[in-house]
Amino acid sequence: MVNVPDSRAPFSAAPLRGKHTWTMSPVSRSVLLAGASILIAFVAWQFLSTVLFNPFLIPPPLEVFRTAIPMVASGEILADVSISMVRVLVGFVTGSLAGIIIGVLLGRIRLLHDVLDPIIELLRYLSPTAMIPIAVIWFGIGELSKYFLIFWGTFFIVLINTTAGVWRAPIARQRAAECLGANRFQIFMLIVVPSSVPYIVTGMRVAMASSFMSIIPAEILAADSGIGYLLQKSSMLLQTNRIFVALLTICVLGFIVDRIFRIFVDKVLARYMSFVSQT
Amino acid sequence: MLRVTDVCKVFESARGTYFALDGVSLTIRDGEFVCLLGPSGCGKSTLLNILAGFESVSGGTATFNNTAITRADRERVMLFQDAGSALLPWLSTEENVRFGLRVRKVPKVDWPATIDKYLRMVSLDSHRAKFPAELSGGMRQRLQIARALAVEPKVLLMDEPFAALDALTRRHMHTVLLDIWRRTGKTIVFVTHDIAEAISLADRIAVMSTGPRSTITRLIDIGLQRPRDMTNPKVAQLFNEIESLLTPDVLRSSERLEVH
Ligand SMILES: Nc1ncnc2c1ncn2[C@@H]1O[C@H](COP(=O)(O)OP(=O)(O)OP(=O)(O)O)[C@@H](O)[C@H]1O
Ligand SMILES: [Mg+2]
Numbered sequence: 207m208v209n210v211p212d213s214r215a216p217f218s219a220a221p222l223r224g225k226h227t228w229t230m231s232p233v234s235r236s237v238l239l240a241g242a243s244i245l246i247a248f249v250a251w252q253f254l255s256t257v258l259f260n261p262f263l264i265p266p267p268l269e270v271f272r273t274a275i276p277m278v279a280s281g282e283i284l285a286d287v288s289i290s291m292v293r294v295l296v297g298f299v300t301g302s303l304a305g306i307i308i309g310v311l312l313g314r315i316r317l318l319h320d321v322l323d324p325i326i327e328l329l330r331y332l333s334p335t336a337m338i339p340i341a342v343i344w345f346g347i348g349e350l351s352k353y354f355l356i357f358w359g360t361f362f363i364v365l366i367n368t369t370a371g372v373w374r375a376p377i378a379r380q381r382a383a384e385c386l387g388a389n390r391f392q393i394f395m396l397i398v399v400p401s402s403v404p405y406i407v408t409g410m411r412v413a414m415a416s417s418f419m420s421i422i423p424a425e426i427l428a429a430d431s432g433i434g435y436l437l438q439k440s441s442m443l444l445q446t447n448r449i450f451v452a453l454l455t456i457c458v459l460g461f462i463v464d465r466i467f468r469i470f471v472d473k474v475l476a477r478y479m480s481f482v483s484q485t
Numbered sequence: 006m007l008r009v010t011d012v013c014k015v016f017e018s019a020r021g022t023y024f025a026l027d028g029v030s031l032t033i034r035d036g037e038f039v040c041l042l043g044p045s046g047c048g049k050s051t052l053l054n055i056l057a058g059f060e061s062v063s064g065g066t067a068t069f070n071n072t073a074i075t076r077a078d079r080e081r082v083m084l085f086q087d088a089g090s091a092l093l094p095w096l097s098t099e100e101n102v103r104f105g106l107r108v109r110k111v112p113k114v115d116w117p118a119t120i121d122k123y124l125r126m127v128s129l130d131s132h133r134a135k136f137p138a139e140l141s142g143g144m145r146q147r148l149q150i151a152r153a154l155a156v157e158p159k160v161l162l163m164d165e166p167f168a169a170l171d172a173l174t175r176r177h178m179h180t181v182l183l184d185i186w187r188r189t190g191k192t193i194v195f196v197t198h199d200i201a202e203a204i205s206l207a208d209r210i211a212v213m214s215t216g217p218r219s220t221i222t223r224l225i226d227i228g229l230q231r232p233r234d235m236t237n238p239k240v241a242q243l244f245n246e247i248e249s250l251l252t253p254d255v256l257r258s259s260e261r262l263e264v265h
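In order, the protein sequence lines correspond to chains H and P. According to the numbering used here, the residues represented by the first sequence are 207 to 485, in order. According to the numbering used here, the residues represented by the second sequence are 6 to 265, in order.
Derived from the structure by calculation, the hints contain no laboratory data. These numbers were taken from a predicted model, which means no experiment stands behind them. Any given hint could be a false lead.
Examples of chain H residues lying across from chain P (beta carbon under 8 Å, computed) [unchecked claim]:
| no. | residue |
| --- | --- |
| 1 | P276 |
| 2 | A370 |
| 3 | R374 |
| 4 | A378 |
| 5 | R381 |
| 6 | A382 |
| 7 | A383 |
| 8 | E384 |
| 9 | C385 |
| 10 | L386 |
| 11 | G387 |
| 12 | Q392 |
| 13 | P404 |
| 14 | R477 |
| 15 | S480 |
So these bits of chain P aren't anywhere near chain H, every CB distance computed over 10 Å [claimed, not checked]:
| no. | residue |
| --- | --- |
| 16 | T10 |
| 17 | C13 |
| 18 | D27 |
| 19 | P117 |
| 20 | R188 |
| 21 | P232 |
| 22 | L250 |
We put the beta carbon where it would ideally sit given N, CA and C, even for glycine.
The shape of chain P in the complex, shown without the other chains (with noise of 0.2 Å):
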């Protein structure tokens, strides 16, 4: 179970202090799927660092089966936006995934059954010679998938994993990402700015307000069965109200005029 309770975050810096986050408070069961939204800035990869031990809190409390988060841990593996980036461009694809089983002490005799499976489950078996620059986008999100799922975290931390695709292989992952979910039963905070994909992917959308002194303005349970069919009149009602919870007051208030 992971855990903030009243949590704040104040970035400290020559040009001033910045109040990110103020009383942020989250409960997340264990094999949920939680979706981070909110707006550009609003500080929900903050948070995502505070839970994976990157970040300290400036207030309140972080903890993850009621011990305090301190620092990073394997229990909790981030996902990066920039694939390119996190992983390891001198390495192959198969390399990638052994670095983590390297790292993490698995035993030996371990590491090729382990490598297969995974790389099996993201579907880049075939691809296990070539290095990050010669994948694609989607394959080096999945690959950074099979990377971490190999060390056999029990949370995965996702920053907009998916936000650099493009519309198909997007949806293409929600549906790699939510069939490992379903078979690994792993807890999984995602974090987007795309409503749809929100809603299409998680148990419970945590919509944040707009920094400074963002909070969670609202828990959103879907309840909706999966696979989701996105014409359901539901969702274009989930859509509609996280779309007011994250405009502006300023716009709503402009845009109310109109209508009158």
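Just chain H, with the same shape it has in the complex (with noise of 0.2 Å):
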């Protein structure tokens, strides 16, 4: 039961407009603003690709899609996607997983905020492109250094994001449990942990933008397949139209990604997510 008010009731509550007047529904409305926007990108890139630039360079739309259809259809940007895809998988929910178990811990325990903090402040400043040469050390070319990676962006910002979650979780809440009778566990699992959902949501729709970006380079240095890897290759063999192909698919999947995640959130997780203003 989704019971969390409707941001966009204040639209679909307007007033009736007059019969001649011009309405729309604000949802095919934003649908047709998406579309003049895309329209307008598309125009654009024909423009710079013809005309201020050259097709070698930026090849036209049209062409980047002439060539993505046999890569579609032989099914070979869909290995490399899903390939790309279970990595980022594996390390999100992985380093997700840590992050908050972790991060909850170290809002919770202050001895152990104040021993680990310091480390992890310094570590967090070495982005996952920094490790991949050491990741590969450890853990070769395969599937493992990916995972690491990954993980490796995720944990610290999901870690971090959870803290914060934890130590803002509302002193009245956790007072008035308390003296209705709730343990200090209840109180730790009852109220804090639910109370720091919105900020562990909102360290994971980051992290998972960081995945993306991460699993990017990880590929192209150091793998033999996926997205990052296709991106290499083609750039080896100076094939521009399927570099495009590569971005254009980026763009896509990290888009139809965030929308899922946020599907999800607004299913499973809606009634964590409202904030009660005061009176």
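Assemble the dimeric complex from its two separately framed chains, guided by the hints.
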């Protein structure tokens, strides 16, 4: 049951306009605007490609689609996409889980935080890209090194957000539960953790975007499969068309994954995402 | 019986120490309705937190039925001014009440009847499926009251629970609260800085002085019949008396100058 106030409500509740006025539902309106935006992008792309630069450096849209069709049809793209996606997924899920668990503990156990925080503060400046060389030595160019790199990128972001969320669990809510009779464990599990869900979700969304960014360099530098490898291979062969297909794929993929994530949050976590303003 | 004897409270922080309370003594009988009244920052919430067991005393003693208050206890439930943050926003009205029953280990068979009883008491039974975000400020406070009552405590500690409500809703909440108090016989300690609110609710008002080293300067027995007629000249007299207690000395002397 989803009972959280719908942010779109004010629009759908708007009074109906006169029958001669041009009206449109907010949904089809936003679809139309998104369509217009994409159309403008394609026109600009065509312009850049044929007028400003040249079709070899920036292949025109139709050329890219012509290249894409056989790549999609043969399953080549799909294979690379699924390999990259599995890597992102494994690293992201394990990184998020570890980040949430350790983040919650750091937020709750002062001593643990004081001991570990300086280390975390230093390590988090090592981006996954910076870790590629050592990851290859530790784990080879197989799947494990990709999992590790995505894990690395996800872990710190989720951890820091989770700890912040745990700290911000309203003290009144914890005290209210305490005098109702909740013990420390119940306060932790039933109050503090649910209160920090919005922060955890924010952390995970940021980490998801960062995973998408770090899987590419990882595959460019140290892989023999995946979207990043496709980019690398096409670059060596000066196949700008294929590079563009890969770039487009990354855009679409990131967009779809973020949408799925948001739908999941709306469906499953909606009740934890609402804030009650003060009266 | 709630009793504080010679209570001091010192806050230590990196910026120094702050003497919030000094020598506060007060005895609250079972079933009594006492208002703590005082200027902002005088230590009303601090005293309430001590009574709840959220804060320890720096000196003196705080006892409930002659045992020292060392931690929060289910016999004394606190109600917070910001009901929005005290309630669980991810649970519906009904589930918020159930949460209290659950952590208090009330047998499951009793849940539906208890929930019905207390939601009806605060007239929220027709809003049981709504979430806190979908309730008005007054409804959230009533839900907080229902949730507290459902675990059947002996004492309600209320920290400016109606301060954020409009005057009309607040008056309605006063009626609701007094009605519940009469029916359940709870001890109520009610913090406010609204003199009229204190006069219309309390058996006794403890007036506190401005901090630091705040203390209870006067204990006033209202001694008026309920429901209270706020146009009664005795009320105006009490109001003036309390107001003069709360007015800082500096202001009072300058007023006196003007009179002459
Ligand atoms: N944790 C704390 N650390 C340091 N000082 C504190 C702390 N809590 C309260 N104080 C100080 O103690 C004094 C009393 O605070 P308290 O919150 O009890 O006031 P109050 O009477 O409830 O005020 P209000 O009516 O504005 O709610 C204030 O001067 C405040 O600055
Ligand atoms: Mg206060």
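Holds or violated: is there a CB of chain P closer than 8 Å to the CB of A378/H?
-> Hint holds; A378/H Cβ to chain P Cβ min 4 Å, cut 8 Å.
10 Å Cβ clearance of T10/P from chain H = Non-interface label stands for T10/P: nearest chain H Cβ at 22 Å, farther than 10 Å.
Under 8 Å, Cβ to Cβ, is where A370/H needs to be relative to chain P, so tell me if that hint holds or is violated.
-> violated (17 Å)
Any CB of chain P closer than 8 Å to the CB of Q392/H?
-> Holds. Min distance 5 Å.
Holds or violated: is the Cβ of S480/H closer than 8 Å to a Cβ in chain P?
-> Holds, because the Cβ-Cβ distance from S480/H to chain P comes to roughly 5 Å (cut-off 8 Å).
Determine whether the non-interface label on P232/P survives the test: each CB of chain H must be over 10 Å from its CB.
-> holds (26 Å)
Run the C-beta distances from R188/P to all of chain H and say if the shortest one exceeds 10 Å.
-> R188/P is indeed farther than 10 Å from all Cβ atoms of chain H, at 21 Å.
Take a quick look at D27/P and tell me if its Cβ sits farther than 10 Å from every Cβ on chain H, holds or violated.
-> holds (25 Å)
C385/H as chain P interface residue, shortest Cβ-Cβ below 8 Å = Hint on C385/H: holds, closest Cβ of chain P at ~5 Å, below 8 Å.
When the nearest CB of chain P is found for P276/H, is that gap smaller than 8 Å?
-> Check failed: Cβ of P276/H comes no nearer than 50 Å to chain P, outside 8 Å.
Can we keep the L386/H interface hint, with Cβ of chain P closer than 8 Å?
-> holds (4 Å)
C13/P non-interfacial with respect to chain H [C-beta, more than 10 Å] | Label holds. Min Cβ-Cβ 22 Å, cutoff 10 Å.
Of the numbered hints stated above, those contradicted by the structure are hints 1, 2, 3 and 13, listed in ascending order.
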